[in-house]
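Asks: Chain by chain, the residues run as shown.
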Amino acid sequence: MTTDAALAPAARPRTHYLNANYGVLSWLLTTDHKRIAILYLVSISAMFALGGMFAVAIRLELITPAGDLFQSETYNKLFTMHGIVMVFFFLIPSVPAVLGNFLIPLMIGARDLAFPKINLASWYIFIFGAAFTLYAIVNGGVDTGWTFYPPYSTSFSNTQVLAAGLGVFITGFSSILTGLNFIVTIHKMRAPGLTWFRLPLFVWAHYAASLIMVLGTPVVAVTVLMVALERTLHLGIFDPALGGDPVLFQHLFWFYSHPAVYIMILPSMGVISELVTCFSRKRIFGYEVIAASSLAIAIIGFLVWGHHLFPAGQSAYTGLVFSLLSYLVAIPSAIKVFNWTATMYRGSIKLDTPMLYVMGFLGLFTIGGLTGLFLAAVGLDIHVHDTYFVVAHFHYIMVGGAIMGYLGGLHFWWPKMTGRLYPEMWARVAAVIVFVGFNLTFFPQFIVGYLGMPRRYHNYAEEFQVLNVMSSAGASILAVGYLLPMLYFAWSMRYGAMAPANPWGAKGLEWETPSPPVTENFPLQPVVEEEAYEYAKGREVIVV
Amino acid sequence: MSEVAHHHPALAHHFEDLGGQKEASGLGMWLFIAQEMMFFGGMFLAYTVYRNLYPAAFAEASHHLDWKLGGINTAVLICSSLTMALAVHAAALGHRKKIVLFLIATVVLGAIFLGVKVVEYGDKFEHHLVPGPHFQFEGANARPAQIFYSLYFAMTGLHALHMIIGIPILLVLAWLAHRGRYGPEYHTPVEMTGLYWHFVDIVWIFLFPLLYLVGHR
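These protein sequence lines map, in sequence, to chains A and B. Position one of the first sequence corresponds to residue 80 (our numbering), numbered consecutively onward. Position one of the second sequence corresponds to residue 47 (our numbering), numbered consecutively onward.
So here's chain A without its partners, still in its complex pose (with noise of 0.2 Å):
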């Protein structure tokens, strides 16, 4: 690969994407991709942060029986908010619109985005969705469950559905077009050399990703507008008081939701593809399998929706054939797991804070995934269905493995986004307090969950409560594995080592650009000689 700052990969331009111009109108007009991904960086960990709060609540709740710190009406409320905040408005597009962003042009020798107004426009699109939302949690938020689920959304409550209905409604599109932005410039502005199978494997997870991002989020968004046309205009489409049918609803929102899941877990695991070659220094195991199983896992992703609705009243010839396409979709994930702790296998492994993700990704992953088998068995789902073991699962899925992939990916492009190194020790520290708080919060959940406590109550049977404080206890702990980065990563914009060009020793065109890139990414076009990952040929060069 040739290119002046592969050349002098320790020189420092004196002018990048960061100070190139200065003022707030800079950033808000901005449509250099890298900049986006900052404004990105910021909405979205404002989400977390109060996504993040309604949990401390409904833990706070939680930990005794009786409900007797919030009424009822307000837990509801708590969880939906909780939900919706923490689905729609971060997880949805924490590693996409962030790591992806800033990344994929870099990563395949582009200058930008194929549109970047576009990608400007999906950022406001995603801040005016954000601004509905919270419309309706300052007026008294909702209460419907993130699911809004009819007749209840649509006749029953007389909460802010229709203000938060119309955020996750508008906030869809920003996640259509980043993902019709990906697709296009996946496919259109590789650079020269740069075939589809020497693409980085983050780049073809998020080229799956994108196709759910593009195909279903526009189901969930006319089926949310379905639901609010029922609530203003009393068009009666899931009545059932006119002969409608609610649970096409379920169908409806689960054909997207589902798949959304893998919206969350499919980037973050191009994170991880990346992040474990580059920490065992070894060429990754397998990679056009694994490029392939992004794909399957985006394909099979569309057809196992049902699986939500085993007690909902399906026929059980239907509930089959969902449950044995649910199996399906365990074969990729696990073809990438595997094929990650082959990777691992025999190579020099360097326990970094990304790797330390990495690990922990692995192991939350795994038995995130195997539940989702025990949900996926019709018999088993409908003991548990509707329990806090469904709420584990789906936490060890969006928590200990779209977030842990989410922040390892911050750790390891930090430097190149920012040109400053973070303080690794804390950073080490960190993810370890994030794992064990993580583990503490949520096995618990999965206990108790079998043995029969619901979900969505804010009180309990007695015998449930020491697992219950031990859980909020791990929830107090992981608060603190949280917020630890954002205190280091802000301390190191301005005190942290200034970082060369490639601290990792990573192969990959980011790395050729300096730390942080220019504003036109590449001032001369790279060309790509060889495959992804060619750890193994010769030793590489860290510059620290």
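Hints should not be assumed to be uniformly reliable.
[As the list claims (entries may be wrong)] With the Cβ distance kept under 8 Å, some of the chain A side facing chain B (calculated, not the full set): (1) 193; (2) 259; (3) 266; (4) 297; (5) 322.
[Unchecked claim] Lysine-lysine pairs mimicking DSS-like chemistry, simulated, CA-CA at most 25 Å apart: (6) B:68 x B:144; (7) B:163 x B:114; (8) B:143 x B:68; (9) A:196 x B:144; (10) B:68 x A:267; (11) A:196 x A:267.
Rather than coming from a laboratory, the hints here were simulated on the basis of the structure. Just so it is clear, the structure is predicted and the values come from calculations on it, not from any experiment. Yeah, the Cβ is synthetic: ideal placement off N, Cα and C, and Gly gets one too.
Given the structure of chain A, go ahead and fit chain B onto it with the hints provided.
Replies: Frame of chain A; chain B shown alone:
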């Protein structure tokens, strides 16, 4: 960037040439249309489910729609697709006046369609066929008929909204074409808007028989 000297003004900084830029726009537009299909698809699915559940009610309710007005509107929209295609063709040939003429013709036909739609909606209000507390429908099928009309208003309303978004875009294009922005080497916006307009027309081609003709034999 190396070859700043010969840049076409419409060439963005991150593309090598106009051809590549146009290819990217085309792929982006087709993806957008794919997401539009999924967007409308949700409502078409709801229609399919309920028509299978309540075929008699749907046929009966459909009789209260004016198939003649719907038919006229179908013809109007097909004509507007023709004028849109002619506008794209004129842009590719660089006939500035013809681009403007055909774009304005498309706008006029779109406006006629929306005008007819207003008449139809008004008629439904008068006959209490708008879902809600004032809905009135004779016979045993009153409740599923209300579902039919819910879908009618949701689907045609969403379709009309797409036309309402399209018309100002066409007007801006006409203005820019008048200013001489588009010629044989660069007319991507005209072509992309054309794709959008044709898509919106095709949605109607499906809506018309499903809503207006389903009760006729």
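Asks: For every hint, state whether the structure bears it out.
Replies: Comparing the hints with the structure gives:
With a least beta-carbon distance of about 5 Å to chain B, the hint placing residue 193 of chain A at the interface is held under the 8 Å criterion. Hint status for residue 259 of chain A: holds, given a least beta-carbon distance of 5 Å to chain B, under 8 Å. A least Cβ separation of about 6 Å between residue 266 of chain A and chain B falls short of the 8 Å threshold, and the interface hint therefore holds. Interface hint status for residue 297 of chain A: upheld, as the beta-carbon distance to the closest one in chain B is roughly 4 Å, under 8 Å.
The beta carbon of residue 322 of chain A comes within 5 Å of a beta carbon in chain B, closer than 8 Å, and the hint placing it at the interface holds. Straight-line distance between C-alpha atoms of residue 68 of chain B and residue 144 of chain B comes to about 22 Å, which keeps the hinted pair within the 25 Å bound. Taking the CA atoms of residue 163 of chain B and residue 114 of chain B, the gap is near 12 Å; set against the 25 Å cutoff, the hint holds. Distance check on the hinted pair: residue 143 of chain B and residue 68 of chain B sit about 23 Å apart at the alpha-carbon level, within 25 Å; holds.
With a C-alpha separation of about 30 Å, the suggested pairing of residue 196 of chain A with residue 144 of chain B is violated against the 25 Å cut-off. About 10 Å separates the Cα atoms of residue 68 of chain B and residue 267 of chain A, which keeps this hinted pair within 25 Å; it holds. For the hint linking residue 196 of chain A to residue 267 of chain A, the alpha-carbon distance of about 17 Å falls within 25 Å, and the restraint holds.
Going down the numbered hints, you'll see the structure goes against just number 9.
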